Structure formats: C-alpha cells, structure tokens
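Q: Residues per chain are reported as follows:
There are 2 protein chains.
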Amino acid sequence: MMAMKDLIPVLDWGRQYKAVDLRADAIAGVVVLFITIPQVVAYAFLAGLPPETGLYAAILALLGYAAFGSSRTLAVGPTAIVAMMTLEATSSFADPGTRAYAVFAMKLGFVTGITLLVLRAINFGAVINFLSHAVVTGFISAAAILIIVNQFPAILGIGPSTDNSMFGILGFLLKSTNHINLVVIVISMGTIAFLICCRGYVESLLLKLGVSEQIAGALVKSAPMYAVVLGIIITSSLQLDMTSNVPVVGNIPGHLPVLAWVPVTLPEVRALLPSALLIAMVVFMESTSVGSAMASRKRQKIEPNQELVGLGLANIGASLAGGFPVAGSFARTLVNFSSGAHTQVASVITALLVIVTLVWFTPYFYYLPKGVLAAVIVISAWQLIDVQVIRRIFVFNFTDAVTFSCTFVAVLILGVESGILVGIIISFVLLIRSSSRPDIIVVGRVGDTEHFRNVERYKVTTIPEVLALRIDQSVYFVNTRFIENFIVANVADSPRVKHVLLICTATNFIDTSGLEMLERLCDNLNEVGVTLHLAEVKSAIMDKLEQTDFCDHMRGEIYFTTDIAMKDLSGV
Amino acid sequence: MMAMKDLIPVLDWGRQYKAVDLRADAIAGVVVLFITIPQVVAYAFLAGLPPETGLYAAILALLGYAAFGSSRTLAVGPTAIVAMMTLEATSSFADPGTRAYAVFAMKLGFVTGITLLVLRAINFGAVINFLSHAVVTGFISAAAILIIVNQFPAILGIGPSTDNSMFGILGFLLKSTNHINLVVIVISMGTIAFLICCRGYVESLLLKLGVSEQIAGALVKSAPMYAVVLGIIITSSLQLDMTSNVPVVGNIPGHLPVLAWVPVTLPEVRALLPSALLIAMVVFMESTSVGSAMASRKRQKIEPNQELVGLGLANIGASLAGGFPVAGSFARTLVNFSSGAHTQVASVITALLVIVTLVWFTPYFYYLPKGVLAAVIVISAWQLIDVQVIRRIFVFNFTDAVTFSCTFVAVLILGVESGILVGIIISFVLLIRSSSRPDIIVVGRVGDTEHFRNVERYKVTTIPEVLALRIDQSVYFVNTRFIENFIVANVADSPRVKHVLLICTATNFIDTSGLEMLERLCDNLNEVGVTLHLAEVKSAIMDKLEQTDFCDHMRGEIYFTTDIAMKDLSGV
Chain F
326 MMAMKDLIPV LDWGRQYKAV DLRADAIAGV VVLFITIPQV VAYAFLAGLP
376 PETGLYAAIL ALLGYAAFGS SRTLAVGPTA IVAMMTLEAT SSFADPGTRA
426 YAVFAMKLGF VTGITLLVLR AINFGAVINF LSHAVVTGFI SAAAILIIVN
476 QFPAILGIGP STDNSMFGIL GFLLKSTNHI NLVVIVISMG TIAFLICCRG
526 YVESLLLKLG VSEQIAGALV KSAPMYAVVL GIIITSSLQL DMTSNVPVVG
576 NIPGHLPVLA WVPVTLPEVR ALLPSALLIA MVVFMESTSV GSAMASRKRQ
626 KIEPNQELVG LGLANIGASL AGGFPVAGSF ARTLVNFSSG AHTQVASVIT
676 ALLVIVTLVW FTPYFYYLPK GVLAAVIVIS AWQLIDVQVI RRIFVFNFTD
726 AVTFSCTFVA VLILGVESGI LVGIIISFVL LIRSSSRPDI IVVGRVGDTE
776 HFRNVERYKV TTIPEVLALR IDQSVYFVNT RFIENFIVAN VADSPRVKHV
826 LLICTATNFI DTSGLEMLER LCDNLNEVGV TLHLAEVKSA IMDKLEQTDF
876 CDHMRGEIYF TTDIAMKDLS GV
Chain A
326 MMAMKDLIPV LDWGRQYKAV DLRADAIAGV VVLFITIPQV VAYAFLAGLP
376 PETGLYAAIL ALLGYAAFGS SRTLAVGPTA IVAMMTLEAT SSFADPGTRA
426 YAVFAMKLGF VTGITLLVLR AINFGAVINF LSHAVVTGFI SAAAILIIVN
476 QFPAILGIGP STDNSMFGIL GFLLKSTNHI NLVVIVISMG TIAFLICCRG
526 YVESLLLKLG VSEQIAGALV KSAPMYAVVL GIIITSSLQL DMTSNVPVVG
576 NIPGHLPVLA WVPVTLPEVR ALLPSALLIA MVVFMESTSV GSAMASRKRQ
626 KIEPNQELVG LGLANIGASL AGGFPVAGSF ARTLVNFSSG AHTQVASVIT
676 ALLVIVTLVW FTPYFYYLPK GVLAAVIVIS AWQLIDVQVI RRIFVFNFTD
726 AVTFSCTFVA VLILGVESGI LVGIIISFVL LIRSSSRPDI IVVGRVGDTE
776 HFRNVERYKV TTIPEVLALR IDQSVYFVNT RFIENFIVAN VADSPRVKHV
826 LLICTATNFI DTSGLEMLER LCDNLNEVGV TLHLAEVKSA IMDKLEQTDF
876 CDHMRGEIYF TTDIAMKDLS GV
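Protein chains in written order, with our numbering: chain F, 326 to 897; chain A, 326 to 897.
Note that these hints are calculated values from the structure, not bench results. Since the model is a prediction, treat every value here as computed from it, not as a measurement. Errors might be hidden in some of the hints.
In this list, chains with the same sequence are indistinguishable; a pair is considered to hold if it fits within one copy or across any two.
Claimed, not checked - Result set (DSS-like, lysine-lysine): computed pairs, CA atoms no more than 27 Å apart in a straight line:
{"no.": "1", "residue 1": "892", "residue 2": "784"}
{"no.": "2", "residue 1": "823", "residue 2": "892"}
{"no.": "3", "residue 1": "500", "residue 2": "869"}
{"no.": "4", "residue 1": "784", "residue 2": "823"}
{"no.": "5", "residue 1": "533", "residue 2": "343"}
{"no.": "6", "residue 1": "784", "residue 2": "869"}
{"no.": "7", "residue 1": "823", "residue 2": "533"}
For reference, chain F alone in the conformation it holds in the complex:
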C-alpha cells in the first residue's frame, strides 16, 4: 500500500527538518531569487506575455512542486525552451500581446499539467524513452538558436516581429534596419559583455582575492540581477526611455496573482493536446535530467512517477495563477544546489521572496530596458548549446549524427514542435533500418582457446567444411530476409562447406517470422547437402523452441557452446 508520505514527499522530509536545514535553505532561497527574477520576467517576454505572468507562474510552480515533487533541489518555473514552445503553440490560437493570447497560454499550462498527471495515472512516464539523446541534443541546440534569433529585434531596439519563425524574424530585421536604436544596442551588447565577463573572469578573480568558493559562485551566478539593477539605474537616471526611445518593461501590476479557474472546453483541449503532450514530454525530460543529476551527487534519488505528479501540479498551479507552462530550470536548480539548499524549503523561500518583490518592488522594474532582458536570455540560451556533446555524437555514432542533424534542421525550419516529431520519427526509422541489416560475422577459433572471433579482425583458425556465423542481432521480421539471403549467398560461394553453424550469443529473441525463416533455411540448405546447426541459444529462446516441432524438424544439432560445436563438426 502507498503511504501518504509517498504521495506527498514533503510529509517525509518535513518531519526530520532541522534548524540547520532552514539556515542552508534560506541562503539558497535568497541566492536563487536573484537569478529567478530576471529570468522569469525575460521568459515571460519570450513567451509573448506580460512580465508579471512570469512571476505569477514562478510562485505557484515553486510551491506546487515543493509539496509534491521528489527532488530536493529542483527549482521549477518558466524556462527558455518551454517559453519558446509556449510562444509557438499559443501563437496559432491568438496574437501575442492580446488578452486572448494570455488566456490561451493559461489553458495550455493547464492542459500540460493534466497531461502530466494522466501520464502518471496510466503509468506511461516511459514515453520520454522515445526522446533519444540525439533528438534531445538536436532539439535543444536548435531551440537555443531560435531563442537567440528571437531576441535580435529587442537587442537592436526594433519592435517585436509578428512572425516568430526564424525566417520570419530574419526577414523582419532586414526590413527594419532603419529602425535600429543605437542606444539600445549599447545597452544590450553591454549587458552581454558584462555577463560574459562575470562568467569568464570574475569568479577566478574573486577566488584569487580569497573569497570562499561558495560565495564567489553565488555572487557570479547573480550577475543577471546586477545587470538588471544597473540597467534600471542607468535608464532611470538618464531617462533613456524618453530621451532615446529605449523600450522598457513599464508598469507591472503590483499585486498578488488572482487565482482564477479558466474553463477549458473539450474542443480546446483537443486543439491544445498535441502541443501540450510535446511540452509535457519536454518538461518531464528537462526536469528529470537536471533533477536526477543533482540527486545522484547526494546519493538521493528522484522518483520519475512522483516527478510527473509534482510537475503536473506545478503546471496547473502556474496556470491558475495566470501563468504559462513551467519546468525544472537547469540554471536555477544548479544555483540552488551549489548554494547549499537542503530541501524544497529553499524553493518556498524563493517563492515568498518573489511575492515580496511583486508587492513592493515592481515599480522599480518600470525602467528596466527590454534589451537587458534580451541579453539575459541570449546568455542563458547560448549555454544550452553543448558543443562537446555534439562533437561526441558525430564521432561516436553515425545514426545519431543523422538524427541530430535532421532534428536540428527541422526545428530551425519547421519550429520546435514539428522538429521534435521529425526527430522522433527519424530516430525510429533509422533504428529499424539498422536492425534490418544486422552484422553477420564469420568467426574462427582464437589460438587453442574456447573463444571464437571475427576472421577479419583476429588471427583465428577456421575449418573449410564449417561456416561459423555469429548473427549480431535478434532474428525477427525486419531482418529475416536479409539474414536468409546472406547465408544462402555465403554457402553458394563456399562449395566445400558442409555445415553452417549459427552462433546465437547476440540473438536475444526469435519471432515467428524468424522461426519460419530458419525452417525454410534448414530445408533449402539440406537440398544442397548442407546442414544447419545452432550454438549458444539463450535459454529463454530454447524454452520456446522446445514448445514447437522445430527441434525435431531440424536436421542439425543445437550445441551448448561454440567450442563443443566446432569440435564435434570438425570430427565429421
């Protein structure tokens, strides 16, 4: 039976909560706040929504996940990728900036949350297994580029583009060159330079000055906040919004989110569902990958099923507060972890501080230049592109390289959603294609040992009467014809062969297509005076074979080991 504490993890760790934990969580909660505020406001703009929606979404997402999520340090809220997907999905229902658009974003968050809970209910969290490493890497890298391109208008001080596709934005830029605002460029490029410097030099400088690693890290990670404060001070003191026409954030309503249930009709659910399902997969994938990375560093574990509940409720909470879909943030989780958070109390503290910010400090954000936020987004998105990982994909696995490239190009051209779907389909098509042409290796004996290896790679001895083949694949419908043709052709080329020995160490299952093929092969080889034998058939397959008449029907033997087989057959 499931205990209550399994359903609501806070009941478990909450009981053992100590003062020392609170101190650690309080410090982490404050540090995370400094990166949360600029990011969530920026991601609200990225999603085509007013700035307060980012703060609203963050508050309820943090609280919802804190109560129900299984990771101790995951920081949930708006993220760049999910904001980009929200923009793409919601744009097809309403125009960004309108009230209808904001309502659809809320509905999308709600349906995403419900989808996550349904995935939990039907026990199908395994759906993320469909996202291969290559697809995820291709999708995230391309989405990062889309996100960066999406910031170009704000960086150049041009009003937002109505078309959010990559070519739409690039076309818009070409048409709008005469609207470029040099002051905005200075502000945004300055911010980018400042953020790069902080990452690259300031931390090592602080360490040299004797600052402790933890404090230096926290100081550097808060760099976006300094950029925001600097931007506000400079813009307000110089009145740049009036004198130089610098776009600023403007008024943010200084009150708490009003929790409101926006009814979603069935046709709307149907229309939103494809996007919501993809967003749910991405939310789950993003959150569990960063969550489990952090957990494993402390020998803790995250419970995938419980994550679906925590993330589902976080999304529903974000939606009720007037926000949009949320996920575990890579950057903020890392800051939370490295600032020493012990439990989700850190997230509760961050949430409370976001409320404080919302109620008392929003007037100060009036003068925050949008270019600073664009710079914050560019730097975050840039970090999503991991060149090391991409290089490895190209070196290690050709199929993955093709999948990566197709996903990458498809996301850039078709957008995030279609791009992921293209990636998933291609990864499966390539998988089936590769299993339809398995490696079939001619093997021989290594020296005097009982080991048999590839004749083309090792110095091995073979017997001309025996063709020993290792089939490096299960034998099933997609490859039975290939295997049959390969063996028949090989026998035709080797007139001295009297025995064919199939070594089944790498054959994990045989389906009925494979069984029919083996019988046919037995008969056909027999007509040309060749006997088919098997060796090292796995017990699970052997059990099944014994239930059919295959073994009686077969003229050759089924040997326990290749060694016994070769000794027996060479004696004939």
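Chain F is fixed; fit chain A onto it per the hints.
A: Leaving out everything else, chain A in the frame of chain F:
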C-alpha cells in the same frame, strides 16, 4: 552493367528453350486453364466487377509477367485477397456494378502497377520487411473470413449487399431472410460438398486405382472446372434461371479486351495512392512468398527487384485491358508447378487458351449459377486459413500472438487496409516496447569452464564481490533508463558488491544515449565505491568507444573475455 537479359528474363531462358520444355509447358498451361477460368470469373464478381474483367485481367497479367518476371512458374492474375482489397478500395469512389466503378478499378490497377515500378526504381522492395509473419497471417486469415462472409448472400440466393463490411453483410442477411432461395442453396452447398470431396477422397481413390500421381493431382485440381460445367449443364437443362429464379452469370461479351488507356488525373493518383501502396505490398508479398517457395524446390532463385518489374507490368497490363489489380496466385502457381511447367511459356499458353475461351466459349457461361462461383471462392478462401501456423504463433511468441490477434480483429472490424496498417503499427510498437525492457541476466561460472550462464537456470558459482550481468540487448535510447535503474537497484540490494561487470556479448550497438548512460553509471557507482567494468565488447563498438574519451574516463577495465575478467576481479 546490367545486361538486357537481366532486365527481360525471357531473353535468358528463351534462348535455351527446347521441345521437351514446350511439351511440359503445354500440359501445365492446359491444366492451369481449368482452374484459372472459374477462379478469375469468381474473383471478378468478388471485386464487384463484371465477369469478363477477370478474364481480361488474367490474359495481360499472364503475358506481362511471362516476359518480365523472374519466377519460372508463378501464375499471375486476379486473386481472392487482392480482389477483396480492390472491392474495399474502389467502393469508396463509386458504387459496385456501375461503369464508374469499373473505371476506378482499372485506375487502381494502373496506380498499383506504377507503385510497384517506383518501388523498384527507388530500390525499396525492402518495404515488405515491414509485414511480419504475424501481421501477414492475421491479415490473410481475417481477409479469408471476410471473403467467405462476402459470399453468403450469393450462397443463399439473396441479391448482393450494398455494404461490403462484415457487419454490413451480416445485417443485410438478417434483413433478407425472406428472400432466401432454396434451389440456390442446394446448388452452392452441393458445389462446396463436391469440391471438398474431390480434395479429400477422390485423389486417394484415383491413386488406389493406379492413376499416376501427376494425372490424379491434375484431375483433382481441376475440380472447380467440373463444378462449373456441371452447374451450367444442370441449370440450362432445367432452365433454373427462369423456373427457380437462380441468379446466373448471364451474357459475357465474347470479344477480346480493347486495350484502352484511361487517363488518371493527379488528384486521383493522390486519392488512390494509399490503397495502391498497400495493394502493391500485398501483391509483392503474396507473389514472392509463393514464387520463392516454388523456386527453392528446383534450386532456382527469384530476384525480388525483378519481381517488382514483372508484377508492376502485369498490373499495368491488366489495367489497360480493362481489368483490376493482379498478383501471383498461390493455388494456380501450385497447379502450374505440380503439373510440370518448366517456364513461363506455360503461362503464355494459359493466356492464349483464356483468349480462346473468351472468343468461342463465353455463350456457354450464360447459365453458370453465381452460387457455384461463390462456392469456388469459399473453398479457395478457406484454404488461406492455416491453423497450424496460427497455433505455432500462439505457442512460440507472445508478442506475435498479440500482433496476430490485433491484426485479425482489426481486419474483420475495420477492413483489410486499416487492418494491415493497425498490424504494422502494433508490430513496431511491441518491438520497441520489448526492446525497452531487455533481459538483464546475473551470470556465474559453469563448473571449471570458461562459460558463464544464468544463475537462476544453471548450477554456477558466483563471487559475492562481483556482480556479473549480461545485458541481452543493444544499449540505446529506448532502454538506457531501464538498464541504468536495474543496475543501480541491484547494487543497492547487494552491499558486498565492489565490482559490476557488464558482459556485452548480446550488445550489438551502443548509441550516444547509451554512452552517456554508461558514463553517468560509472560516476554514480564510483561514488558508492563500486567500479564498473565491461567484457566481450564487440570490435565494432570498441572501435567507436576508442574514438571518444570514454575509456580514459572510465575507472574500470574493458576485458577481452568474461573468464579473464572474473579471474582478475576475484583476485582483488
């Protein structure tokens, strides 16, 4: 370079053609005619078309395939399954019995032929690998039942049903019980009994009477022709069509087919293409399976690519003659083979004799009762259901049993086309599902040998410090999470374990998802004081691993054999 004789096989075998071949081919050609006439006329009715279209389709299909096909004995023409698919596909464009319907059937044949040629051109005959044995068996068994149910109205003497789905026909029968014609039932049930007797008893009787096997076989196989002749004689002498209202075939135009090119518009091609593609796959599958079975009995070979050309031109020919899609017939090919056909000259002779029948003998078919043809179809269709094969699927492979059952039910309920698609999708989903939960086997040493086997199945010795696991699957994106969780959980349950050895004999490839997982696993195990080692990594994988930094990064060893690994690790 491809020689002309490779493109047109007749140029190859035609050159060595001898008088003895002609004698054999002439006998086979005549015997095949006797089964061809009743079958192709019956299948034309099954396809919802006038009787002469079956004869037209047969003539050009036989000639087209004879010139370009690679099988020496394949008899091409209308078949039950393809006629059923034609009925289903064409019904959605026009009502059976109308002129428009016949035109669409011709167009369907044409697009099917072109599709086969395109599959040849893009070298994608491998598309039939998508049809697993279980899908094909399920589809053919269910289609046979659909075909038999389709004959019920004709057997009971009720006019044809307008709805050709299984439930449509059954509903129609229930509504039409008062139209049942007892004379028709006597004729059709009598024919069925006669055909069953011929198969079951007459052959053994003839053999006992000293008739040679070949002649007895030919006599028995021609049973449908005797039924036709008997039916004609009885009906015409008793004038049953007038006195008892027995539906008869009626007038068949007694002239040669007029070759006519019916232009197909692009929107029509698009509309017909999904059906044509499925029909093409079935045509190719049916034809190559019977063709290669016959060829292997004579150590001949069929060339799949050349088959696509032969079958494509046969379909285009059938369409130009006013027919409908055609395939290699299982029954007629078997008769052709067992009657001693040497080459496709037998098919040419059959085609010429069909022309003779068409020109001189069609008036005699006026009195042929439709109930006799329905009986011929029922008997042919019944033979398509192979209970032996179905039993074996259920015994041998659970996944295939599920696939078979789903395909079977889907074809019965949704029809042939949707049913095949459901089958293909299910077979792939189950394939992916099963590879996402691979067998991971804990192994130990068998006695003093160098062999390692499952601890649960064999008496083996293990070492408490070493957990030796054989992963019976490649390591790639659909199963990386499962494998990782399994190993971590196993290590957590075995506190004495210091080393985990992964034996990769059954791991045929590792993708980047797998590589990332192994690295993560290495690190995580290391934190709890456990070292990860690999053994028996296939050379192809090893080559790839060496191109990455995995081997430097890894703390454990990569051993050549499990034996060396276990000796080394037990010494620690």
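Q: It remains to establish, for every hint, whether it holds in the given structure.
A: Structure-based check of all given hints:
no., hint, verdict
1, 892 - 784, "both (19 Å within a copy, 24 Å between copies)"
2, 823 - 892, "within (15 Å within a copy, 37 Å between copies)"
3, 500 - 869, "neither (69 Å within a copy, 48 Å between copies)"
4, 784 - 823, "within (23 Å within a copy, 35 Å between copies)"
5, 533 - 343, "neither (34 Å within a copy, 97 Å between copies)"
6, 784 - 869, "between (36 Å within a copy, 21 Å between copies)"
7, 823 - 533, "neither (76 Å within a copy, 40 Å between copies)"
Violated hints for the displayed structure, listed by number in ascending order: 3, 5 and 7.
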